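Chains as they are written, first to last, in our numbering: chain A, 1 to 500; chain B, 1001 to 1340.
No lab work stands behind these hints, which were simulated from the structure alone. This one's a predicted model, so the numbers in the text were calculated from it and none came from an experiment. Honestly, I wouldn't trust all of these hints.
Computed cross-link-like contacts, DSS-like style, restricted to lysine-lysine with a CA-CA straight-line distance of at most 25 Å [what the hints assert, rightly or not]:
| no. | chain 1 | residue 1 | chain 2 | residue 2 |
| --- | --- | --- | --- | --- |
| 1 | B | Lys1189 | A | Lys323 |
| 2 | A | Lys435 | A | Lys343 |
| 3 | A | Lys272 | B | Lys1123 |
| 4 | A | Lys435 | A | Lys50 |
| 5 | A | Lys179 | A | Lys272 |
| 6 | A | Lys232 | A | Lys220 |
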Amino acid sequence: MTTAISYQAKGIVKAFAGVVVLHGVDFEVRPGTIHGLLGHNGAGKSTLLKILAGAQPHDRGTLSLGGEALSFGSPREALAKGIGCVYQELRLIPNLTVAENLFLGREMMRRGLRDTPAMNDYTRDLLASYGLKIDVARPVKELSHPEKQLIEVIANLDGKARFLFLDEPTTALDGRQSKELLDSVRRIAVERHIGIVLVSHKLDEVLPVSDEVTVLSGGKVVYRDEGGAANKQAIVDAIVGDAHVRSGPKVERRAAEGEGEVMVSVRGLAGKRLKGADLEARRGEVLGLYGLVGAGRTRFLRTLYGMEPVLAGSIELGGKPYKPTNPAGAIARGIAFLTEERKIDGFVPMMSAWKNVVLSTLDRYRSGGLVNVAGSRASAVATLDRIGTLGRFDAPARSLSGGNQQKVLLGRIIEQNADVVLLDEPTKGVDIGAKGDIYDIIRRLADEGRCIIVVSSEEEELMEVCDRVAIFRHGRCDGTTRPIGEWSLGKLREAAWAPA
Amino acid sequence: MTNATQLPAKAANTIRIPAEAGIAFVLLVVLAGGALASPNFLTLSNIFVLLLNGAVIGFLCLGQSFVLFTGGIDLSCGSVVAMTCVLAAVFMETLGLPWPVASLLVLAVGAMAGAVNGLIIDKTGVPPFIVTFAMMGVAASIPQIITGAESIRVMQFGYRMIGQARFFGIPFPVIALAIAIAVAAVFIKRSVTGTHILAVGGNAEAARLAGVNTSRITILVYAIAGFCGACGGLIYGSRLMTGYPTAGRGDELFFSIAGAVVGGVSLFGGIGTIYGAMIGATLIATISNLMNVLNVNAYWQPLVIGVIILVGVTFDTMRTSSRLSLPWVRLLKEKISGGK
């Protein structure tokens, strides 16, 4: 192992807009081995991966291949040095055939024309050498997801990649498919002497195939050891990390446990990537939903709000059955929703801040067919003022800062006067000062007797605003909620990482 | 937070130059230039000719603006003019309907044609460009098929009223357009639906999540565009007292889009005002008229208008994307807001 040329990174530092994401990370991949790269949401895995694959420049530190210092301007340059990366979103072009994808940009030519038979023959032999039997003249879109992933892996290797990074390769796969894919990857690594890095959230899949494991937490390497299932507890501890920093809610949490009437009751709700969620949420309390990215929390909220189809399950709102159809229907039933991506589906950028506030409730200000502009504006401005929004309310909403844009959307929710409030990452991209304000708004909404459901990936946030927390894992939620006093930052992470 | 100080501070801090000011200024320059170039240009009678000829473009531009506000486009409006112009004549002469009934029926047909556009766009997700492009062909063919490409004379004298009546010397189409503009402006600015139209154009997904019925909005704006096309068809038909199968199939479509865009309506939706669009349409109509007065060769006219549109829109695009800084505007703003 030591004789082979390895790909090394030393002291990698990376900051985005002054926020340091990686604090001097060392990392090494050896040929013929699989290196598992693990860490919690926002630990810096993706950033490290992109730097190593040449997709992003780093601020300080060195990359070297067998002692030769490297610097990449683009992923293409990295690939030229034998370093490839397969991202979660595959790069294959669905309507082209397997062979055409493999040769994209470097097609074989014969007398000025594309030599399809030669490319097909080459591809067939290549896939066969990896033990893959796929019709190379078929469009890629007709293949299964694991097949596509393997083809992308092979395409990288055929581009003479000696080191390969796989970002969450099993996210879209079920258990058996995951195992098949990882076994194939394992075989390729050993047989072809390729160094592979696996980034994943699924410990139970990664550990058995990894020779080596590195855990990142807060942009630092906190654990490094050999792989194998034996070290699982130590690895979970490392991922959970600074759990001791805070082990309980900061503020005295109301003793309202179980007091409010059940407002939302969900049984076996399933959708596209939601496999089955049970949940009860009560009036007058904030229920937090925690889990890893992709665990189904956002989909749960979006399904309740009628944005994603319900495939199975039942929902009761205040004791009456409710079937989500579309957002307008959800609003009519007293549900308000705050989106995670306010720029994509939150506010209307060129519309004034106050109009964005009353967009859902304009009908209320109608008299004789026309909107009472002064009245609706006054109401919106009063709401915005009450929650401490700063900025010109007559100016386009996009001219406000992130925190104030978020308050505009919260203002809309307050205007709606909804019984059930769904909040998806309510402080994403918001500065510290505005965060505190937003927590106050959320608490106030709950104290008014509304039922609040908050999805957040920030443990501190949940500890701060929630009365109870439920955990989502791999698209499921078993309906168990525990009062915030029984949770700690560490326990939350542990629960999220527990096997499904 | 500081409600009491917010409002006055706001008023003092910034000057708001309406977005239409630039294009209105260009219009004034063209009018002044025209007056200098020809004594016949800025006369009352020529102004009425200008406005009367511009009325059809004005209506089409009005309808087009509604569609553009939602981020769509309507390529079928010119053909709807032709279709409704002929259908009006058919209703009166072949079916023998009295002209007011025929006129109302034709307006309904125009709105229906537009609604079909909107319905297909909303239900299938086919891009508006394609759907209205197809409707352009369909609506253009119907009158040709019905009449065998012949014109139909209209013998009902009352029909003249629409295109040729004058009140206080002002042609009726101009008055009708003025009323339509006023209604449309109030509708966009003051009605719930008007706000929803701009919201759909500004961010359709956000509007949907906010509970806006986006399907209804889409169908409505195309129906309005179709209705405006039918208004154009009636004006043409009544001025000529003929059902003319190629009426409105010249530069009208081009001018309707150009007028709105020159007037500051964004092709991407969500931005623009009715007044801006109407000033833009007036500018196009004025330039067209001015070239007639100055006896510019007809072959040159579209070229001149094309260049004006290109320059105007390029200038506006660069201004809004801040790729072009206007030092005097910045200075002026600093000077006025300096005492903050």
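Against the structure, the hints:
| no. | hint | verdict |
| --- | --- | --- |
| 1 | B:Lys1189 with A:Lys323 | violated, 35 Å |
| 2 | A:Lys435 with A:Lys343 | holds, 18 Å |
| 3 | A:Lys272 with B:Lys1123 | holds, 22 Å |
| 4 | A:Lys435 with A:Lys50 | violated, 29 Å |
| 5 | A:Lys179 with A:Lys272 | holds, 22 Å |
| 6 | A:Lys232 with A:Lys220 | holds, 19 Å |
Hints 1, 4 from the list above are not met by this structure, while the remaining hints are.
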